[in-house]
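Build the complex: two chains, separate frames, hints provided.
Those sequence lines, one after another, are chains H and X.
Under our numbering, the first residue of the first sequence carries the number 123, and numbering increases by one thereafter.
Under our numbering, the first residue of the second sequence carries the number 4, and numbering increases by one thereafter.
Bear in mind the hints are in silico, worked out from the structure with no lab data behind them.
Being a predicted model, the structure only gives us computed values, none of them experimental.
Honestly, I wouldn't trust all of these hints.
With the C-beta cut set under 8 angstroms, the calculated list includes, among others, these residues of chain H facing chain X [unchecked claim]: (1) A149; (2) V217; (3) A223; (4) L235; (5) D239; (6) A244; (7) F259.
Only pairs whose alpha carbons sit at most 20 angstroms apart, straight line, appear in this in silico SDA-like list of lysine to any residue [unchecked claim]: (8) K26(X) <-> P231(H); (9) K26(X) <-> I258(H); (10) K253(H) <-> P76(X); (11) K43(X) <-> I70(X); (12) K229(H) <-> G90(X).
Ideal Cβ positions, reconstructed from N, Cα and C, are used throughout, including at glycine.
Read off the chains here:
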Amino acid sequence: MKQRWNWSLWIGFLFALAGFLSYTFFAQFPVTRDFPWANLLLFAAGGIFLVLGLFRAFGKAQVYRGKVFGPILAALGILIFGFFSYAFFYQLRQVPPSTGAPRVGQKVPDFTLLDQDGTDVALGDLLRRSKAVALIFYRGFW
Amino acid sequence: MPEINRRQRQKLGYAYTFLSDPKAEVIRRYDLLHRGAGPKGTDIARPGEFLIDPSGTTRWVNLTENIAVRARPQQVLKAFDDMQAKGGP
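Here chain X stands alone, though its shape is the one from the complex (with noise of 0.2 angstroms):
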């Protein structure tokens, strides 16, 4: 819900876009659902982090296997740069 991410996003004081997805419709496109995994057994997404270049392709992809265990800004950061370098997909 956008006023519970406004929240959120204000209190860790991130600068970047938090999009909501309340019906779990793009988590389920891009295959990311987690079904029974949130409170009260509702459906949320698995982890998932995807570097995209403006053509909409993607460059770099995380798909944790372990809650605890996300890429780290280093590495999305890495990504960017070789992308850079690399030009077009």
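In isolation and in its complexed conformation, chain H is listed as follows (with noise of 0.2 angstroms):
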């Protein structure tokens, strides 16, 4: 008998990759950026298929297939996650302490940059004209 395809081991991978990659797009709405929510659950849905493909790959071979299959992506399912993982968990966080700059009551440093039209601007210039300023430092290498 030809046994039949496996597609839960192929769905669970599919859904891993999602998991990893959905990211640029989640990462847009603070929901999903602050914490992935949206990510671990597509993990967790591939790691589910990906349970059950195994369990029909070995529990029922006479069945399924995907004895080779299913381990290799089972596996490669788990190195995206952990690579996930540590990217998110990890590597996003190695910033750096920042003791030195101004508090609340504080007062801030004056300096002058250029803006975007190429144009001396003074941090002090704009708090004359304004009612506050919102100072806000970007990584910014885009």
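Below you can see the structure in the form of structure tokens.
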């Protein structure tokens, strides 16, 4: 009897891949950017399908294929999940502490920098003609 | 670089001022340097957000410890409202 295609393995692997690749999309929304709920859900779904696929491949070997592909796809899935976890939960948190940054109640140092049109802009000038200034430092390698 | 900032600002459709600090001088003065974190190991800024009142005093700060987590617009607006309600520093 010809064995059946073990679709569960492939769906599981695709979910894991989607869990990894979709962060650039989910990063657009603060709720899914600050903590990768959506990605972890995709990984969880991928895990369930992969486990189901492995059970089929090894438990019902007469019915389903996937004895070779199953472990490979599962291993790749785990690898992708591991890489995502490393990047999100470790790498993104490697931000140096800033002990010398102005704290609430402290005066900020004045400065003059070029704006997007190449014009000198002094913080002091901005402050003089505004109710407040929101100063945002970007990593900014765009 | 102003030219790059001009293009990026246009692309994102932002109306506020984008300043360039190519030698990271102001970044250093604010103790926000992230050594070697830029492309090809260049020094860039770690994220930092400040609300400053007209006297030059910091009224709100956000120094995230996770690059993916930044202040949300509502936080900054709330800090501004609080500042207006409280008056002077």
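Do the hints match the structure? See the list:
1. For A149(H), the suggested interface contact is upheld, since its CB lies about 7 angstroms from the closest CB of chain X, less than 8 angstroms.
2. Because the smallest distance between the Cβ of V217(H) and any Cβ of chain X comes to about 5 angstroms, under 8 angstroms, the interface hint for this residue holds.
3. Taken as an interface hint, A223(H) checks out: its beta carbon lies about 5 angstroms from the nearest beta carbon of chain X, inside 8 angstroms.
4. The criterion of a C-beta within 8 angstroms of any C-beta in chain X is met by L235(H), whose closest approach is roughly 4 angstroms, and the hint holds.
5. A distance limit of 8 angstroms between C-beta atoms decides the matter here; for D239(H) the minimum to chain X is near 7 angstroms, and the interface restraint holds.
6. Contact between A244(H) and chain X, as hinted, is not supported at the beta carbon level, the nearest pair being about 10 angstroms apart and thus beyond 8 angstroms.
7. For F259(H), the interface hint holds, since its Cβ comes within 8 angstroms of a Cβ in chain X; the closest pair sits about 4 angstroms apart.
8. For the hint linking K26(X) to P231(H), the alpha-carbon distance of about 17 angstroms falls within 20 angstroms, and the restraint holds.
9. The suggested pairing of K26(X) with I258(H) holds, with an alpha-carbon distance near 17 angstroms, which does not exceed 20 angstroms.
10. At most 20 angstroms may separate the alpha-carbon atoms for a hinted pair to count; K253(H) and P76(X) meet this at roughly 17 angstroms.
11. The straight-line distance between the Cα atoms of K43(X) and I70(X) is roughly 19 angstroms, inside the 20 angstroms bound, and the hint therefore holds.
12. Of the supplied pair hints, the one linking K229(H) and G90(X) holds, its CA atoms being roughly 16 angstroms apart against a limit of 20 angstroms.
In summary, the structure is inconsistent with hint 6 from the numbered list given earlier, while agreeing with all the others.
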